[in-house]
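Same order as they appear, the protein sequences are chains B and Y. Each residue of the first sequence is one higher than the one before, starting from 0 at the first, in numbering that gives the first Met the number 0. Each residue of the second sequence is one higher than the one before, starting from 0 at the first, in numbering that gives the first Met the number 0.
Please keep in mind that the hints were generated in silico from the structure rather than gathered at the bench. Source: prediction; values computed, not measured. Hints may contain errors.
[To be verified] Only pairs whose alpha carbons sit at most 25 angstroms apart, straight line, appear in this in silico SDA-like list of lysine to any residue:
# : chain 1 : residue 1 : chain 2 : residue 2
1 : Y       : Lys107    : B       : Glu81
2 : Y       : Lys221    : Y       : Thr181
3 : Y       : Lys229    : Y       : Ile344
4 : Y       : Lys238    : B       : Thr118
5 : Y       : Lys275    : Y       : Ala116
6 : B       : Lys25     : Y       : Ala116
7 : B       : Lys58     : Y       : Val276
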Amino acid sequence: MERDDIIEYSLDAHHSEEAGKSVRKKIWQVTALLSAITAIEVVMGAFIKHGSGAWVFVKWSFIAMTVVKAAYIVSVFMHLGEEKRNLRNLILIPYFIFILYIIFIILLEGSAYGDALRTYGA
Amino acid sequence: MAGHATNEINSATAWGGKISPFNVSYGKLMMWFFLTSDALTFGGFLVAFGFARFGAQEAWPIGEQTFNALPFLGGGFPLVYVALMTFLLILSSVTMVLAVEAGHRMDKKGVTRWLFATIVGGLFFVGSQAWEWSHFIHGTDFGRVELADGSMAIVTADEFGAIQNFTVTKAGKHHQVNQVITSKDTDLLHDYQHAAAAGHLNGDIITLHDGSEARVSKAADKNMELIIKKKGSENEIGKVISGPEASAAYYGAIQSGKANKVIYGANLTQNEYGPKVYANYFFFITGFHGFHVSIGILLNIIVFINVLKGTYQRRGHYEMVEKTGLYWHFVDLVWVFVFTFFYLI
Numbered sequence: 000m001e002r003d004d005i006i007e008y009s010l011d012a013h014h015s016e017e018a019g020k021s022v023r024k025k026i027w028q029v030t031a032l033l034s035a036i037t038a039i040e041v042v043m044g045a046f047i048k049h050g051s052g053a054w055v056f057v058k059w060s061f062i063a064m065t066v067v068k069a070a071y072i073v074s075v076f077m078h079l080g081e082e083k084r085n086l087r088n089l090i091l092i093p094y095f096i097f098i099l100y101i102i103f104i105i106l107l108e109g110s111a112y113g114d115a116l117r118t119y120g121a
Numbered sequence: 000m001a002g003h004a005t006n007e008i009n010s011a012t013a014w015g016g017k018i019s020p021f022n023v024s025y026g027k028l029m030m031w032f033f034l035t036s037d038a039l040t041f042g043g044f045l046v047a048f049g050f051a052r053f054g055a056q057e058a059w060p061i062g063e064q065t066f067n068a069l070p071f072l073g074g075g076f077p078l079v080y081v082a083l084m085t086f087l088l089i090l091s092s093v094t095m096v097l098a099v100e101a102g103h104r105m106d107k108k109g110v111t112r113w114l115f116a117t118i119v120g121g122l123f124f125v126g127s128q129a130w131e132w133s134h135f136i137h138g139t140d141f142g143r144v145e146l147a148d149g150s151m152a153i154v155t156a157d158e159f160g161a162i163q164n165f166t167v168t169k170a171g172k173h174h175q176v177n178q179v180i181t182s183k184d185t186d187l188l189h190d191y192q193h194a195a196a197a198g199h200l201n202g203d204i205i206t207l208h209d210g211s212e213a214r215v216s217k218a219a220d221k222n223m224e225l226i227i228k229k230k231g232s233e234n235e236i237g238k239v240i241s242g243p244e245a246s247a248a249y250y251g252a253i254q255s256g257k258a259n260k261v262i263y264g265a266n267l268t269q270n271e272y273g274p275k276v277y278a279n280y281f282f283f284i285t286g287f288h289g290f291h292v293s294i295g296i297l298l299n300i301i302v303f304i305n306v307l308k309g310t311y312q313r314r315g316h317y318e319m320v321e322k323t324g325l326y327w328h329f330v331d332l333v334w335v336f337v338f339t340f341f342y343l344i
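Taking the hints into account, I'd like the entire structure generated from these sequences.
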C-alpha cells in the first residue's frame, strides 16, 4: 500500500540530463584539482628536505593543502555543500568543537611529556 | 477522544516522521551521524599518533626515507608508490560520485559501469596496501644499526653489495669443510641477516644454524651513508657518516659477534625505521583504514549486485548507491589525512 504519511526525500535527488552534464563537469574539475594538489605535495615532499629552512613553511602548506582537499571531498563528492544549512551545521559544528579541542589538548600534553622525559630522564 | 488521532497540529510543522528539518531521508541522516563519529575516532587515532611524536626521544622516521620503494623496481623512488595509492583512491572516489550522478538520472547502465570501476579501484588500493605492509615488515637490506657509542643509525646506499657465497671453514651437522654454499642452496641474504641480528657474525665468519662456520664472500656496497637517528655518547641526531668511515662503523657493529646490534624491518616489538611506537601506530591506523576500505568494497559489491538485479530501478531511486557512496568518500577522506601525517610530515 502507498503510504501518504512519509515524505520520500530519496526521490528528490533526481535530476535531468542537462543538470547531469553540469554536475559531471564540476566532478571532473574537482578531480583535476585534487590530483594537482596531490602531485604538488609529492614533489615538495620528495625534494625539500626535513630540517631545511623552508621546511616549516612546507609542513604547514601540507596541512593547508590537506584541509583544502578534505573540504572539496566533503562539499562536492559527499554533496554536503548542497544540503540544507541545518544539516551542514549539525554535522560540522560538533565535529569541529571536538576535534579542535582534542588536537589542542593532546599535542600540548605530548610536548610537555616529551620535555619532562628530556629534563628528568625516561 | 482517546485513541483517536486528530489533525489539529499542522503536519508541516510537526516532525512526526513526516517532514525532516534536514530535508534528507532517515538512512542518509544516520549515515552522516555514523561518519561524524567515525571521523572523530580516526581524528583521535591521528592525534594520539601526534602525541607519541611530540614526546619521542629519538628522530621520527621521515616519509621519503622510509617509503621509497616500488614493486619490481626497488628503492630510490621517494613517496612515488604511496602517491600512486592516494591517486588511485581519489580516482575511485570520482567513479563513485559518477555512479551517484548516474543514479540521479535513473541510468542503470551508468551506475553499473561506474560502480564496477569503484570496486576495482578499491581492490587495487587494498592490494597496494598489502604490498606496502609487506615491504615495511621485511625492511631494507642494511637494517638499522647500533654503533659502538650506543647511537642508532639508518643506512642509505646506492646499492647493497650482493652476498655471493659462504665457504665452510668448520664442519657442522650438515656442511663439510670447503663446501661452497651458494644461492642455489639457501637464501644467502636471509641467513646473513639472521646471523647479524643474532650476533653470529664475527668478522667475515658466519656461524650457520647447524653449528658450522663459513667465510662470507660479499661484494662491496656502493656509496654507503649512515644517518644518526638516536643519539649516543659521540654522535648527535642528524649526523651523517659517509665514505670508508661509514662502512667501518657499520660492519664493525654488525660483525662484532654481539646480538641485537642490527634490526631488520618492523613489527610490534622492533622497528628499523624509528621508535617502536611509530610501527605500532602505522600498523594500527593504516590497518584500521584498510579494514574500512575492505568493508567499503563489500558494501559496494552488495549494492552492485542489487543494481544488476534492478532492485533500485524498481524502487524508483538509487539512494542506496548514494549512502554507500558517502561511506566510500569518507574512506578516501581519511586516507588524505593518513597520507599527510604518516608520509609527508
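Hints versus structure:
no.: 1; hint: Lys107(Y) to Glu81(B); verdict: 24 angstroms, holds
no.: 2; hint: Lys221(Y) to Thr181(Y); verdict: 22 angstroms, holds
no.: 3; hint: Lys229(Y) to Ile344(Y); verdict: 19 angstroms, holds
no.: 4; hint: Lys238(Y) to Thr118(B); verdict: 23 angstroms, holds
no.: 5; hint: Lys275(Y) to Ala116(Y); verdict: 38 angstroms, violated
no.: 6; hint: Lys25(B) to Ala116(Y); verdict: 20 angstroms, holds
no.: 7; hint: Lys58(B) to Val276(Y); verdict: 22 angstroms, holds
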